Amino acid sequence: MMIATVGVLGGLALLFGLLLGYAAVHFKVEGDPVVEQIDAILPQQQCGKCSYPGCRAYAKAIVNGEADINQCAPGGELDILTLANLLDRIPKPLDIKCGVEELHKLAVIDESTCIGCFLCIQACPVDAILGAPKQMHTVIAQECTGCERCITHCPVNSLSMISVPLTTSTWKWPYPVLLPIGQNSMEPVS
Amino acid sequence: MTQLCLLQGGIKPDEHKSLSNQTLIVQGKLPPFLILPLLQHIGAPTEPIVKVGDPVLKGQIIAHCKRKNCSLTISAPIHASSSGTVIAVEPRAVPHPSGLTALCIVIETDGQEKWIERRPLTHYSDLAPDVVRNHIANAGIVGLGGAGFPTHIKLTHNSYFIDTLIINGVECEPYITCNDRLMREHPDDIIAGAQILMHVLGGVKQCVIAVEDNKPEAYLALSEAAKESVEVLQVPTQYPIGDERQLIQVLTGKELGRNQLPASIGIVVHNVETIRAVYRAVLLGQPLLSRIVTVTGNGIEKPQNLEVLLGTPMHVVIDQCGRQDGIERLIMGGPMMGFALPNEDMPIIKTTNCLILSRADEPAPLQMPCIRCGACVQVCPINLLPQQLYWYAKAKDFKKARNYHIFDCIECGSCAYVCPSHIPLVRYYRYAKAEIRANLREHKKAEIAKQRYEFHTFRMKRDQAEKEARLEQLKAVPKVDKEAIIKAAVKRAKAKSLSWS
Chain A
656 MMIATVGVLG GLALLFGLLL GYAAVHFKVE GDPVVEQIDA ILPQQQCGKC
706 SYPGCRAYAK AIVNGEADIN QCAPGGELDI LTLANLLDRI PKPLDIKCGV
756 EELHKLAVID ESTCIGCFLC IQACPVDAIL GAPKQMHTVI AQECTGCERC
806 ITHCPVNSLS MISVPLTTST WKWPYPVLLP IGQNSMEPVS
Chain B
22 MTQLCLLQGG IKPDEHKSLS NQTLIVQGKL PPFLILPLLQ HIGAPTEPIV
72 KVGDPVLKGQ IIAHCKRKNC SLTISAPIHA SSSGTVIAVE PRAVPHPSGL
122 TALCIVIETD GQEKWIERRP LTHYSDLAPD VVRNHIANAG IVGLGGAGFP
172 THIKLTHNSY FIDTLIINGV ECEPYITCND RLMREHPDDI IAGAQILMHV
222 LGGVKQCVIA VEDNKPEAYL ALSEAAKESV EVLQVPTQYP IGDERQLIQV
272 LTGKELGRNQ LPASIGIVVH NVETIRAVYR AVLLGQPLLS RIVTVTGNGI
322 EKPQNLEVLL GTPMHVVIDQ CGRQDGIERL IMGGPMMGFA LPNEDMPIIK
372 TTNCLILSRA DEPAPLQMPC IRCGACVQVC PINLLPQQLY WYAKAKDFKK
422 ARNYHIFDCI ECGSCAYVCP SHIPLVRYYR YAKAEIRANL REHKKAEIAK
472 QRYEFHTFRM KRDQAEKEAR LEQLKAVPKV DKEAIIKAAV KRAKAKSLSW
522 S
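Sequence order for the protein chains is A and B. Residue numbering for the first sequence follows our numbering, beginning at 656 and increasing consecutively. Residue numbering for the second sequence follows our numbering, beginning at 22 and increasing consecutively.
Since the hints were derived computationally from the structure, they do not count as laboratory data. Just to be clear, a hint being listed does not mean it is correct.
Partial pick of chain A residues on the chain B-facing surface, computed with a CB cut under 8 Å [unchecked claim]:
#	residue
1	A796
2	T800
3	G801
4	E803
5	R804
In silico negatives: residues of chain A with every beta carbon more than 12 Å from chain B [unchecked claim]:
#	residue
6	L674
7	F682
8	L733
9	Q790
10	T823
11	V832
Being a predicted model, the structure only gives us computed values, none of them experimental. All C-beta atoms, glycine included, are put in the ideal place defined by N, C-alpha and C.
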């Protein structure tokens, strides 16, 4: 009886061991899925304000426990909340060392002063600056993520950040704020 | 269709309709300047085809969609509502909850109302439906009930077969009476318009005009004018029965999903005023140049309905009705679904059905915390859980809000109306919806940025590798003994000089 029990349990242990071993080899997940998930939440500006070179590096640092979840300034409060939700951590306010949450901005080159030095083109992480050495450069507005990496590289200060003008199609309803009596009568019932 | 289904939920707010529905529709004054925004509908914005200084005639197209085939694009051309000169094409404040500016064409009117040549399709029944549809598309007609969806798109249903045309004369929001007056005064136009649409749609078996039972005069007028093919029906007075999907549910008992078009069950719904615009475009050759606007509220001396040229600044219309002192707020649309505007300089556009001006008679009630009474759940016509949506929107937990179907919400405001804590619930839903939409947009942008960044890093590595390879190649070339070459040259030169001497 005893031998049969040991035999059955041993056999089962061996079977499951083999199954697990098979799964570990054949269903191996490439890369770290948590890093992927965090990377998908981050805004992909590659600005480096979190002190890591790019969003993916920051995602890896979060997983390794090196970085906290409140270091992404472009993502702001909403991304911190989503990350906290994903990683089951307590949300924190944005680390002020990493900048402040701002509206989306665009880099523009003052083409009259650009000397065509090529430095900003090399600095742009998303190849959003167009130009050739000793030729005038320009920013492809559609592709610019507003990471501000190029700004410090310009030797003649012809790069600047402008805020994207709000239009009726990009405007968002604001978060409802409680106003003192009388002042919130400016809105309809809804 | 005589068997009506009951609408679950809904409310019965004070109507205030008798303020403005007792008098005839008055012609609005011709303003000195017309401001015509390039986007007055849902869909693609239009592009101006006139320049500053151009003279324009009444009814002339001044802006149309960018694509070539405009009659298939979700867009509607803009016409000059009166004759005059274009004096500016510039951003002006437009009636939008943001109070932002958008590109407008400004026309200085000359007071002559000189028409462009009108081309009515008097014998439309002999023409192919597509010809009539293109004519309607060129007339710039959009849904005049307030949504502003281009009408011609609702008449193109390649994959669907439409057998029911519902004409919406419900007008369930308080204060608004423009459709009521229109149905009372011009029932024949509406019936004629309905017949045009039946011809365009082809194969329509049933045409129903739905009127709320608080408008008996309109119902009588329409019933007398109605021809055999058109049925006029009374629906119970209940807010928001005038919403397209709720109306379909009441009339047919069929409930539509959020992504399901009415056309998918063979139904198309048009507002009564849209139908009148179709009648005018086809039988009179007049594009959409004016609309009926209810100007009402306790800040107005003579609340009434006016037929106003599109582009007329609101203050002109308000002055015509007489204003009272101490006006505190101006609302465009109804008190339930409308929005407040910061000033009166904005123009009347295709979707302006009502202006409410009110004095601050009593301070707005103070917002209190939610007590989870569930009153909002009982009135929600879509059977959502408004209090849950409120919690999630307030906590910015948009994933949960989406799980609770926030995008099914039609923002009718019934929940906020009954809320004993006076919580502006719809504002929270609008906020959450706007954030979710913006997040989706940003997510798409982030995806592209990520791809570009990955390519950038790949390119940098590749360039580095190529550079190293070139260096390697240079190293591999055998070094040439330069000194030997120089020595050989000197030797040759010496030999030459020797041979000369």
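TODO: Please flag the earlier hints that this structure goes against, numbers listed from lowest up.
DONE: Violated: hints 1, 3, 4, 5, 8, 10, 11.
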